[in-house]
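Novice: Each chain, written out:
Number of protein chains: 6
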Amino acid sequence: MSDIVQEFNDYRQKMNDKLLADNNKIIKRIFNLDTNAYMEGALDVKTKELLGLVASAVLRCDDCVKYHLETCYKEGLNKEEVMEALSIATLVGGTIVVPHLRRAYEFWEALEEKGQGE
Amino acid sequence: MSDIVQEFNDYRQKMNDKLLADNNKIIKRIFNLDTNAYMEGALDVKTKELLGLVASAVLRCDDCVKYHLETCYKEGLNKEEVMEALSIATLVGGTIVVPHLRRAYEFWEALEEKGQGE
Amino acid sequence: MSDIVQEFNDYRQKMNDKLLADNNKIIKRIFNLDTNAYMEGALDVKTKELLGLVASAVLRCDDCVKYHLETCYKEGLNKEEVMEALSIATLVGGTIVVPHLRRAYEFWEALEEKGQGE
Amino acid sequence: MSDIVQEFNDYRQKMNDKLLADNNKIIKRIFNLDTNAYMEGALDVKTKELLGLVASAVLRCDDCVKYHLETCYKEGLNKEEVMEALSIATLVGGTIVVPHLRRAYEFWEALEEKGQGE
Amino acid sequence: MSDIVQEFNDYRQKMNDKLLADNNKIIKRIFNLDTNAYMEGALDVKTKELLGLVASAVLRCDDCVKYHLETCYKEGLNKEEVMEALSIATLVGGTIVVPHLRRAYEFWEALEEKGQGE
Amino acid sequence: MSDIVQEFNDYRQKMNDKLLADNNKIIKRIFNLDTNAYMEGALDVKTKELLGLVASAVLRCDDCVKYHLETCYKEGLNKEEVMEALSIATLVGGTIVVPHLRRAYEFWEALEEKGQGE
Numbered sequence: 001m002s003d004i005v006q007e008f009n010d011y012r013q014k015m016n017d018k019l020l021a022d023n024n025k026i027i028k029r030i031f032n033l034d035t036n037a038y039m040e041g042a043l044d045v046k047t048k049e050l051l052g053l054v055a056s057a058v059l060r061c062d063d064c065v066k067y068h069l070e071t072c073y074k075e076g077l078n079k080e081e082v083m084e085a086l087s088i089a090t091l092v093g094g095t096i097v098v099p100h101l102r103r104a105y106e107f108w109e110a111l112e113e114k115g116q117g118e
Numbered sequence: 001m002s003d004i005v006q007e008f009n010d011y012r013q014k015m016n017d018k019l020l021a022d023n024n025k026i027i028k029r030i031f032n033l034d035t036n037a038y039m040e041g042a043l044d045v046k047t048k049e050l051l052g053l054v055a056s057a058v059l060r061c062d063d064c065v066k067y068h069l070e071t072c073y074k075e076g077l078n079k080e081e082v083m084e085a086l087s088i089a090t091l092v093g094g095t096i097v098v099p100h101l102r103r104a105y106e107f108w109e110a111l112e113e114k115g116q117g118e
Numbered sequence: 001m002s003d004i005v006q007e008f009n010d011y012r013q014k015m016n017d018k019l020l021a022d023n024n025k026i027i028k029r030i031f032n033l034d035t036n037a038y039m040e041g042a043l044d045v046k047t048k049e050l051l052g053l054v055a056s057a058v059l060r061c062d063d064c065v066k067y068h069l070e071t072c073y074k075e076g077l078n079k080e081e082v083m084e085a086l087s088i089a090t091l092v093g094g095t096i097v098v099p100h101l102r103r104a105y106e107f108w109e110a111l112e113e114k115g116q117g118e
Numbered sequence: 001m002s003d004i005v006q007e008f009n010d011y012r013q014k015m016n017d018k019l020l021a022d023n024n025k026i027i028k029r030i031f032n033l034d035t036n037a038y039m040e041g042a043l044d045v046k047t048k049e050l051l052g053l054v055a056s057a058v059l060r061c062d063d064c065v066k067y068h069l070e071t072c073y074k075e076g077l078n079k080e081e082v083m084e085a086l087s088i089a090t091l092v093g094g095t096i097v098v099p100h101l102r103r104a105y106e107f108w109e110a111l112e113e114k115g116q117g118e
Numbered sequence: 001m002s003d004i005v006q007e008f009n010d011y012r013q014k015m016n017d018k019l020l021a022d023n024n025k026i027i028k029r030i031f032n033l034d035t036n037a038y039m040e041g042a043l044d045v046k047t048k049e050l051l052g053l054v055a056s057a058v059l060r061c062d063d064c065v066k067y068h069l070e071t072c073y074k075e076g077l078n079k080e081e082v083m084e085a086l087s088i089a090t091l092v093g094g095t096i097v098v099p100h101l102r103r104a105y106e107f108w109e110a111l112e113e114k115g116q117g118e
Numbered sequence: 001m002s003d004i005v006q007e008f009n010d011y012r013q014k015m016n017d018k019l020l021a022d023n024n025k026i027i028k029r030i031f032n033l034d035t036n037a038y039m040e041g042a043l044d045v046k047t048k049e050l051l052g053l054v055a056s057a058v059l060r061c062d063d064c065v066k067y068h069l070e071t072c073y074k075e076g077l078n079k080e081e082v083m084e085a086l087s088i089a090t091l092v093g094g095t096i097v098v099p100h101l102r103r104a105y106e107f108w109e110a111l112e113e114k115g116q117g118e
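Chains as they are written, first to last, in the UniProt record's numbering: chain W, 1 to 118; chain V, 1 to 118; chain U, 1 to 118; chain X, 1 to 118; chain F, 1 to 118; chain A, 1 to 118.
Warning: the hint list may mix true and false statements.
Treat identical chains as interchangeable: a pair holds within one or across any two.
[Claimed, not checked] Derived pair list, reagent style BS3-like, types lysine-lysine, alpha-carbon separation capped at 27 Å:
#1 LYS14 with LYS25
#2 LYS14 with LYS28
#3 LYS25 with LYS79
#4 LYS18 with LYS79
#5 LYS46 with LYS25
The set of hints was computed from the structure by calculation and includes no laboratory data.
All chains, full assembly: derive it from the sequences and hints.
Specialist: Here's what the structure looks like:
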């Protein structure tokens, strides 16, 4: 099967590099903020990643969901925790979140498969 | 041509099965509610499917639109009725709905083609 | 109690008059389309008003919900039918629709009270 | 000053009672799900309340934000934790979240004032 | 009549002061970005304010619309230009933008009245 | 590489033709309004196209963004101006706009490549 995790990361990295090489300061600073916002503070990194995941899911942004799923996976969150967060997103955001839930589930499976192969 | 109806249904079914085999009760119950909400009640099934279609269209969820288009088709609603519902969605939701309208129209045509071949 | 129906209609009418007296053709034509879209066609007026109501509810526009509730009421739709339409909106749009559902219910009660007093 | 916490809770309770006394099963079951989704599971209640808060904030639902702020307060989350969650919501959801952030801050202050007076 | 411009500015200023006195760095930096983004660059200030106005209108954020209307007014944009921008917002965002258009029109009138009184 | 500009235009044209050949008057008139709204008026065409671009970006409609990027390109707007408009969209709409920004950047590059080849 095609590696949907690698594919997502490659495109994301390539275009982020271009955006950052471009001279728009506002965009650069938003990217910078995006890194800082998820660092440990009053809340730990795991909680913040779940917050990012749920925010992305209710706003129905597949790429944002994928990004946070990957970080959640790297931070050691398990499937049950991630699914519980996504169930809240589906309840708050409604059944229009369901198609994104299907794709999120598929991406999480790909992350787990990839993880086992390492 | 590729069968966009079959492709949509296959992926949807495969991932729904996985989500339901997973142990999250909230998600299971949302799926269950989703089945009940469109059953005949004070309003008939056709009207409810059109409501689901318009809700999906203004929220710009292509997969939700496809699902309700297929159910509308099976319930015997005709193209003119469906397009009238979608025209209200486009007026209420604005021109950003138009790209979804293009994909909805293509999907409806595929449903009709498939229906004639049966 | 204050008459929330009258209050809503008065403000709406006053500002619509101003917008239409202003010289912007695009806005005038959108207003005109808005009148035509809900007229009887392949679908009857009741169905169309329910479609407008559900579209307004999932997009969480209180004023749009109020407007369509009033038209639904005038068209003779009953509370059970309207609530069924709104239940679909709440399922599709999620629990963030609930605060709008509370206000919709209050407005419908005001419409019924007003109707009985006539 | 007027008690914005009490005012919010009174209206919410009054209308929820009416909605639940009404006979729509879908709405009743969504209300029921809403209670269950935030109970302790793989994730603890505090984390889930923060997820509900952030979902509500990015979807810009003032009443939902107020509800979750109150539950966060009762669960013993402190202002710094809540503000960190809201800062992620503002980054993900953009500056259009800022007006809701202002009202959220005001509501949190009211919760703290009320708490000290008890 | 009550001064809706003053009322809006007073509340906004009071709560912004509180948010900035609070110690959340992400929020402070978003506020800072918000100031920089509308400064003259490749595009002039008037164009940028219209962009902010239209973004606010299609996202249906009344407070954001009011803020940009006031800046547009101060920058010397006239009513016809502002209405043309808002007509694009209404077309792109659909008739659910109309209630916000009514409030925007009322706010613009208040700005003009206030301006004449100075 | 595949020509993403041509691909987009071909599908868009094909489906728009079908929608306009269909007999729904509301949809036809919305299409017609869409042409008129971006014509020179109190605001010039360049400004209006930037307004359309920003409205599309904050509402996260990739196809609408592509359409306005192409018109911006044809109207002679340069990359710096377009990126500045998109930076405002990203600030107002939040980091969920970033994936759309990546795709917008890629599309603009394709427009420039194509333009040089002419």
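Novice: Which hints from the list above does the structure break, by number from lowest to highest?
Specialist: Violated hints: none at all, because every hint is consistent with the structure.
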